Amino acid sequence: NAGVIQTPRHKVTGKGQEATLWCEPISGHSAVFWYRQTIVQGLEFLTYFRNQAPIDDSGMPKERFSAQMPNQSHSTLKIQSTQPQDSAVYLCASSLGAEVFFGKGTRLTVV
Amino acid sequence: AQSVTQPDARVTVSEGASLQLRCKYSYSATPYLFWYVQYPRQGLQLLLKYYSGDPVVQGVNSFEAEFSKSNSSFHLQKASVHWSDSAVYFCALRRTGGYKVVFGSGTRLLVSP
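Chains as they are written, first to last, in this note's numbering: chain A, 246 to 356; chain B, 23 to 135.
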């Protein structure tokens with residue numbers, strides 16, 4: 246079990262460019278989450294999928310952020326027109342029961 | 023709405039000393055409770071969990087936590103810390119039947135030699 250796999254581990258984008266972050270959940274896990282971690286805000290919930298269906302995107306900034314789960318083996322988080330305030334560590338997680346397992350995260354830096 | 027409070031942003035202890043990291047939660051019922059640890063440039067690793075039953079739960083690397091319903095607390099403890107325990111520790115809850123995990127702000131632990 247390789248755990249939740251996130252790629253890339255680091256990404257640097259120019260202001261206004263698009264960034265796509267990838268997540269491979271643990272095989273067999275029906276729930277997938279995206280969280281954002283910053284020094285100021287801490288760990289913030291972004292969005293949640295269950296059995297590939299989007300259930301809750303209440304934490305997503307509506308205009309530029311989108312998440313998809315086209316199949317059970319991967320999910321993507323896309324940020325359009327990146328801004329410096331989008332710089333953060335983006336964590337993907339998956340679960341089958343009550344325990345939630347996190348990936349190592351993608352550190353996004355917008356310059 | 024549920025919330026988690028970790029009152030200590032930083033804790034420094036000497037190697038070999040005992041440790042307690044505090045966690046208080048707000049939720050009307052008994053939630054699922056977790057402690058996660060985050061080492062530099064790593065994701066969150068689950069240390070231990072509480073669902074029900076015995077209020078003292080054991081976790082990895084000799085950590086344990088005690089749930090108190092009356093105090094709405096879930097403090098993390100370790101009898102003797104090692105320098106490798108230096109990391110950021112997060113307390114978290116998930117309401118029974120819910121899906122969202124709510125995190126505290128974290129406590130940075132520094133173990134000095």
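These are computed hints drawn from the structure, not numbers from a lab.
Just so it is clear, the structure is predicted and the values come from calculations on it, not from any experiment.
Just so you know, even glycine gets a beta-carbon here, dropped at the ideal spot from N, CA and C.
Please note: incorrect hints may appear among the correct ones.
If you want the footprint, here are the derived chain A segments under chain B, 3+ residues with CB under 8 angstroms [claimed, not checked]: (1) 295-301; (2) 315-323.
The calculated lysine-lysine pairs, modelled on DSS-like cross-linking and capped at a C-alpha distance of 30 angstroms, are [what the hints assert, rightly or not]: (3) Lys71/B x Lys91/B; (4) Lys307/A x Lys323/A; (5) Lys91/B x Lys122/B; (6) Lys122/B x Lys256/A; (7) Lys256/A x Lys323/A; (8) Lys307/A x Lys122/B; (9) Lys323/A x Lys260/A; (10) Lys122/B x Lys71/B; (11) Lys91/B x Lys323/A.
Checklist entry - For which of the previously enumerated hints does the structure constitute a violation, in increasing order of number? => result 2, 11
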